[in-house]
Amino acid sequence: MRSSRRHFMLGAGGCAACMSGLASARVLPTDLDPLIDVGYEPVDADERGMWQSMEQIEETIQASPQLLNSPQLQGYTAGIIERLLGRETPDLRLYLIRSALFNASMFPTGMMIVNTGLMARVRNEAQLAAVLGHEAGHYYRKHSIERYRSLRNKTAAMAWVGAAANVGAGAYAGGANGSNWIYAASAINTAVTMSVFQMSRAQEEEADAYGISLMSHSGYSPDAASQIWKQLIEERKASAEERDKRYSDRSRSVLSTHPPTEDRMRDLADTAAFLAKRGDQRVTDGRAEWLAAVAPHRAMLLDEQIKLNDPGASLYLVESLAQDGWTGLLRYNEGEIYRLRAEAGDHEKAAAAYAAATTLPDAPSEAWRAHGYAQLKAGKVEDGRHALNHYLAMNPEAKDAGVVRYTLAQ
Amino acid sequence: MRLRIAFVLGAFALAGCFPTYKLVPAAETHVAGKDLVVTPGNEWNQLPKTGRETQWDETWTLNGPLLDSLAFVGGLPEGKSLLTQKKKDDRKVPIFRADMTPQDLVSMMEASYRVRGITVFDIESVDPADFLGGKGLRVHYQYAPNDGMARKGVCVARVVDSKLYVIKLEGLSSHYFDASVPEFDQMVASARLDR
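Sequence order for the protein chains is A and B. Here this note's numbering is used: the first residue of the first sequence is 1035, the next is one more, and so on. Here this note's numbering is used: the first residue of the second sequence is 10, the next is one more, and so on.
Honestly, I wouldn't trust all of these hints.
[To be verified] Restricting the straight-line Cα-Cα distance to at most 27 Å, the calculated cross-link-like pairs of lysine-lysine (DSSO-like) are:
(1) B:Lys96 with A:Lys1271
(2) B:Lys144 with A:Lys1414
(3) B:Lys144 with A:Lys1433
(4) B:Lys95 with A:Lys1279
(5) B:Lys31 with B:Lys58
(6) A:Lys1383 with B:Lys31
(7) A:Lys1433 with B:Lys58
[What the hints assert, rightly or not] Calculated from the model, a selection of chain A residues having no Cβ within reach of chain B, i.e. all distances over 10 Å:
(8) Gln1100
(9) Pro1105
(10) Thr1150
(11) Val1156
(12) Asp1278
(13) Arg1375
(14) Ala1404
(15) Val1437
Hint data in this document are derived by calculation from the structure and do not stem from the laboratory. Note that the coordinates shown come from a computational prediction; the quantities given were computed from them, not determined experimentally. Beta carbons: idealized from backbone N, C-alpha and C, even for Gly.
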């Protein structure tokens, strides 16, 4: 703990300097020490009760079909956490969950959940490190237990913990009555969306500061933290514009526990600039490492987003990734966005994207299927048949081979 | 089991605090509007409508909706979607068109899950199938809602006179889905249009 504590301290005398460098950030990265150590145990009955419920939820998540089974990505992500903390992290247990929502969450027992929707959006290792450092901040600053104590007398918190207790009592004792299924549904939903452990605004700001401090000390470019929010704002604006509505920052509501997104982005950018002035360490964004780690999963991550049929957000994502050059996978997904949107002119746009995909060496077999159907729709029967045959040749065991063969036989 | 469900649901109905389920007898019946006719081999329970169902939907269950369900789409017209949705919703199910390819129909069906926050959804097979006197699609799939319990599903779908007809069975992968597949197959085979 001594060594990790050292990591979080930026040194005496930093405070006065940071005031001039931080125009708007309210929490200073220099002020934060971890409040708990490796091997931390709950200290009283309240906390023990909560841990017990959390552990039951964790067992449910371990057996969930939503868990991403990828030792490679799991190990890579856990490695980033260790780099941030400068030590092994037996106290943090990481779960990668297949959910297209941009989210990560931290539980007071040390369970950390990272959604694939977040993996789909980060552009480099430093951006992922920014989120992981922020979540670690919630844990080491004991935000969840503080939040729990503030809520524990409220009906919602108690009902939630009661539901969690029933997951264990029902599902794991082999029970299968209706009420236990409902409890299970409620508890896991809550776990994934974190409606109870939404932190206060002050806690979010503190976790931001804590995370960016970890990044700076472990050699990650602290700019990455504000870049994530910039990307998210741009994506949400693109999504709103597509649906012909005005972008509104939902976290700007007085009821929201999250700092307004644009304020948060500015705070993080200010803090990064301040740290950059102070630091003499060389920093990296770890882009090459991230691209290598995510490559085997890119098709799945894009698929999860594109099939939401949120065309503004999806086009933003695909076009951002294509800034490094269009690949067959990206062109195919571009076509899928237009095919699902299906507005006037979209058939043609989709067809052009599929046709472009099939000229690129990494085109997935599905690009040939989509190209084939697009050609048939356009009345180009021979081209369409050729593409569908190409699809079957590439993927003779395709799940939809039966219906594609039927189409070809017509 | 059916008696128990009927009892519990009956009690709720008497208390006036729960939308009523309706018993469906094991006899030929019109479902999801006037066009589609099926003949169940068991008695089923018709569920009250949920917020996102359209007027062309009807859903039944044998053991409770979290365990199994049998859903019908009885002639969705062109220009409509499988779920009710607002113009400005961020995520939307594609609008049904009569000229949709098999690939488009499967994507549309899949989107009706994805837009509701279900990320793990895997198509197991797509094959041609006899339905309502012609060739339609038979799609097997699996998905994982946020309750952590995997579901299996199978549906048959066909476009007749520019309208979409679907029969769809879903259930927990552990038991309930497989137990009802024979009845689903029998109902698909005997389904007809009454127009």
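Results of checking the hints against the structure:
{"no.": "1", "hint": "B:Lys96 with A:Lys1271", "verdict": "holds, 17 Å"}
{"no.": "2", "hint": "B:Lys144 with A:Lys1414", "verdict": "holds, 23 Å"}
{"no.": "3", "hint": "B:Lys144 with A:Lys1433", "verdict": "holds, 18 Å"}
{"no.": "4", "hint": "B:Lys95 with A:Lys1279", "verdict": "holds, 12 Å"}
{"no.": "5", "hint": "B:Lys31 with B:Lys58", "verdict": "holds, 11 Å"}
{"no.": "6", "hint": "A:Lys1383 with B:Lys31", "verdict": "violated, 47 Å"}
{"no.": "7", "hint": "A:Lys1433 with B:Lys58", "verdict": "violated, 33 Å"}
{"no.": "8", "hint": "Gln1100", "verdict": "violated, 5 Å"}
{"no.": "9", "hint": "Pro1105", "verdict": "holds, 18 Å"}
{"no.": "10", "hint": "Thr1150", "verdict": "violated, 7 Å"}
{"no.": "11", "hint": "Val1156", "verdict": "holds, 17 Å"}
{"no.": "12", "hint": "Asp1278", "verdict": "violated, 7 Å"}
{"no.": "13", "hint": "Arg1375", "verdict": "violated, 8 Å"}
{"no.": "14", "hint": "Ala1404", "verdict": "violated, 7 Å"}
{"no.": "15", "hint": "Val1437", "verdict": "violated, 5 Å"}
When the structure is compared with the earlier hints, violations turn up for hints 6, 7, 8, 10, 12, 13, 14, 15 and for no others.
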